[in-house]
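Asker: Protein chains in written order, with our numbering: chain A, 1 to 137; chain B, 1 to 185.
Hints may contain errors.
[What the hints assert, rightly or not] Computed footprint of chain A on chain B, listed as stretches where at least three residues anywhere in the stretch have a Cβ under 8 Å from a Cβ of chain A:
1. 70-78
2. 124-138
[Claimed, not checked] Away from chain A, derived, C-beta distances all over 10 Å, residues of chain B:
3. Val-27
4. Trp-57
5. Gly-145
Since the hints were derived computationally from the structure, they do not count as laboratory data. Quantities reported herein were computed from a predicted structural model and do not represent experimental measurements. Ideal Cβ placement from N, Cα and C applies to all residues, glycine included.
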Amino acid sequence: MRTIIYLFIGILFGITMYKSEAASWFRIYEMFNLDAFHMYGIIGSALILGILTVQSIKRFKIKSFFGEDISFCPKNKSIARYLIGGTIFGLGWALAGACPGPMFTLIGAGFLPMFVVILFALIGTYIYGLLRNKLPH
Amino acid sequence: MEILYNPWPWYISGPMIAFIMFLLIMVGKNFGMSANLRTMCTLCGAGNNADFFKFDWKSQRWNLIVVVGAIIGGFIASNYLTNNDTVIINPDSMENLKSLGFESAGSAYLPTELFGNGVIMDVKVLLILAIGGLLVGFGARYAGGCTSGHAISGLSDLQLPSLIAVVGFFIGGLVMIHILFPIIF
């Protein structure tokens, strides 16, 4: 039953990524070129509703659909890892035009060269795992 | 129905993303797609070489199912919910792209110069896709999240680390497009 729910949420996510054009390389370029409101509108409106949602869940101690407590884990304090890691991610996001969600959506939409991006995103993740102890965090 | 087939405006798309995060929270999970890249590394046996990949991948099985859904969603959206998949961007951006050699700007969903059928024979394009992927995978894990984990989930939880990460995303994106694109293309 839960598997069906996760699958349904994923399908909704994939459709949204494709139809919003957030999965389009062109839209990412346009966003970083500061030429349109579209992507900022998407992220901004998602964020405003997201903040209201999360803060309400916390304040009113809302339980999950299954009656369990909902917990949010605060992220570790640091500047280096977020700033350096984030910048590296941003370089890749603008070059490949896809972040880790849309990459998969675009495979479903039939853009097979995206397999190259995914394969190397896995290799990049693996390299991080190998170097993790040597990097500033 | 026309509104479903056309590209969705930001004020539909943004709330949909918030709704997806809401659903994931309400089933006791969280919205973060790049964690799947780590899980997939673990599935490929990366735990033998780095402790970072030694964890019970089954705890992330749900997220892999979300990925399967995201693939199916892309298939459904492109095949059954779209009549014309051309992405119309700002004319200035389109002009810039054409001057960089992206003739497909304004007539495709993704640039055919990078994602067309012939690219598998083009070493330069393969290198661009590979480096893009490497940076996304490495950067997302180093930063502890990507667009979904930081820009949406983390910021919704008012996490300062996520704000720093998002600032990083934009530094990287701006440098790539304004400084590196003219060199690469």
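Asker: Compare the structure with each hint and give your call.
Answerer: Verification of the hints:
no.: 1; hint: 70-78; verdict: holds (count 9)
no.: 2; hint: 124-138; verdict: holds (count 13)
no.: 3; hint: Val-27; verdict: 6 Å, violated
no.: 4; hint: Trp-57; verdict: 14 Å, holds
no.: 5; hint: Gly-145; verdict: 8 Å, violated
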